[in-house]
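Asker: The lines below spell out each chain.
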Amino acid sequence: MSTLKRVHGYLAEFDGVADLYHAAEQVRDAGYQRWDVHSPFPIHGMDKAMGNSKSILPKLVFVGGMTGTCVAFTLQTLTQTNFWSSIGLGFLQKLAETYPTVVQAKPTDIFTLPAFFPVMFELTILFSAFTTLFGLLALMGLPRWNHPLFVSKQFAKFSDDGFFVCIEARDPKFSQEGTKALLEKIGGKNIELVEDEL
Amino acid sequence: MSAEAAHIHEQAYNGAPRILDREPLVLNKRSYSWITNRVCGIVENKQPLLWWILFVPSVLLTGLTAFCFAYLISTGVGVWGQKQPVAWAWDITNFVFWIGIGHAGTLISAILFLTRQKWRTSVNRAAEAMTIFAVMCAGLFPAFHVGRVWMVWFLAPVPNANAIWQNFKSPLLWDVFAVSTYFSVSLVFWYLGLVPDLATLRDRCKPGLRKALYGIFALGWRGANRHWSHYETAYMLLAALSTPLVLSVHSVVSFDFATSVVPGWHTTIFPPYFVAGAIFGGFAMVLTLMIPVSKIYGLGDLITPKHIDNMAKIILLTGTIVGYAYSMEFFVAYYSANKFELQTFMLRGLYGPSTWAYYFMFGFNVFAPQLFWYRPFRHNMWVVMFVCMCVNAGMWFERYVIIATTLERHLTPGSWRTYEATWVDKYTFLGTFGLFMMLFLLFLRFLPVIAIGEVKGVLPQSDPHHHDHGKEGVQEEDLMGYPDRHVPREAAAAA
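Those protein sequences? They're chains A and B, same order as listed.
The opening residue of the first sequence carries number 1 in this note's numbering; numbering runs sequentially from there.
The opening residue of the second sequence carries number 1001 in this note's numbering; numbering runs sequentially from there.
These are calculated hints, taken from the structure and not from any lab test.
The model shown is predicted, which means the values in this text are computed figures rather than measured ones.
Treat the hints with care, as some may be off.
[To be verified] Facing chain A, from chain B, some residues (calculated, C-beta under 7 Å): (1) S1033; (2) N1160; (3) N1167; (4) H1230; (5) G1453.
For every residue, glycine included, the Cβ atom is placed at its ideal position computed from N, Cα and C.
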């Protein structure tokens, strides 16, 4: 049975962190876009060496956190106070079938707010944490259990002590000879053409 | 005097400060693959006999807790020792005890991360696991304390059949939100930290069920820098979120008491006092677990005397803060000129029915850690274990003193009653240690006990500029622009 194959890219191994760092600088300067380095741990300064921009995750988390604050505020004021009626949105309370909870001799207007701070704080943190988790997964494109790189026998070393550079075939500057020559020039070892089975 | 020593001598006279190497975080210059093999080996090899010797009783004790709760449900809450006026006793004591244990895990994983304490990498994984298991043990007690446990869903923010919502102004409901948020965020933090290490385990397994399971939970991780970049941002964000969270959780727990009008509870010192106590007790539990784990599994190169020393210092600091809080409580009771407040403290410490608990608390929490002023004690594992055991017990007594002994003597003698725990109280609590140990042993069996990727990241060879300036064991930022002032450790010792 014949199998169709598609070239994923070139994979090259490097000796250590410093080699990988300098290799990344040279791949960046050669103008490649669709490439990555693979290492067992995050390397300090590698984003600069690769020319990556900062992660946008903090912005997502800010929105997530503020959503949590608003949810907690709405939940508590809607079920404990007359706040929504006092600003002319009493229909919300009719809709949710809630009415002020009159306990502890606390007022039923907005001035009960300090008693709502702990829950507002906790939900801000909770929503932020889940936004961090799911935002991270979305930005990384994970979970993705199949990947052409897993076909490579040597690639499994990345999670132990292997340091790799992979330049993908979909990069506009990619060419079978030119890319291989670049990886050889910058000191790559065990250079391998990784193919994806279709 | 050797040439190097003479050089140091000269520098000392010129008044130039010397820059010493930091103590290495991993001893014996271990390689990346040594760390992988050693940590993954714990999961991949057969467990030592001791593991089974601990595991079997832990399972039995867990069964004991299950039995006690079943007996409680089938018979009624009267099987516990609570009677008016002591409505909160062992159950709430145990809740506060276990939730406090968890705080050290978050301190190590979040606060020490934000303050760039690199030594945390060897202990953070186990400490975070401990947090999660301790919060699980803690959560059992308030759930059953509500009396009719099948009504426990009333705590969740949904209206009951009469469209009555929870009272969001109550500290008890704040507690529900604080503890459940704490558990969820700790779990997310722990799992996110595990992902790269699960990939390591996945890549080492033979094809089969294990590989499939590790693979599923590793999410297809492939160590790409474009992933690491987002991942490190996420890790930083979670650390920054967990730091105020952990401080809020025990503050909210202390509000359960502090917002009441019971003499002895109604004090503003409670939030910081509870947080310091929680971190104190939690570090003792981390050491109680990590010293044996390190010895049994041969992790001495990763969990070094330096790590134990640092944690012992934190215990000394927080123990002294706790001692200050105990004393200040007494002083404020006197200074307030409120006779009920003062009477509560006199009964606690001098002539009440449970003064023995107060002396245990004070001795174990304030005096025992003072041994850690002396470096030889911080480096003797038996002394460290002894102090940690004292602190573990002392922190339980602290909560018992605050909760039960305060309620034993109310404002009028008509509502005085000395509390006595029943066998159900005692065995339920004993059993939660079994649950905690069982979960921790299963964690040792199936997951990497040390954060492999993070430890690799703090090795000297992991700094990409390590070879550029040719200095072994010293990082660029430590040199502060004066590479000529660097003195190697051996040379400094010789001088």
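Asker: Against the earlier hints, flag every one the structure doesn't satisfy and list their numbers going up.
Answerer: 2
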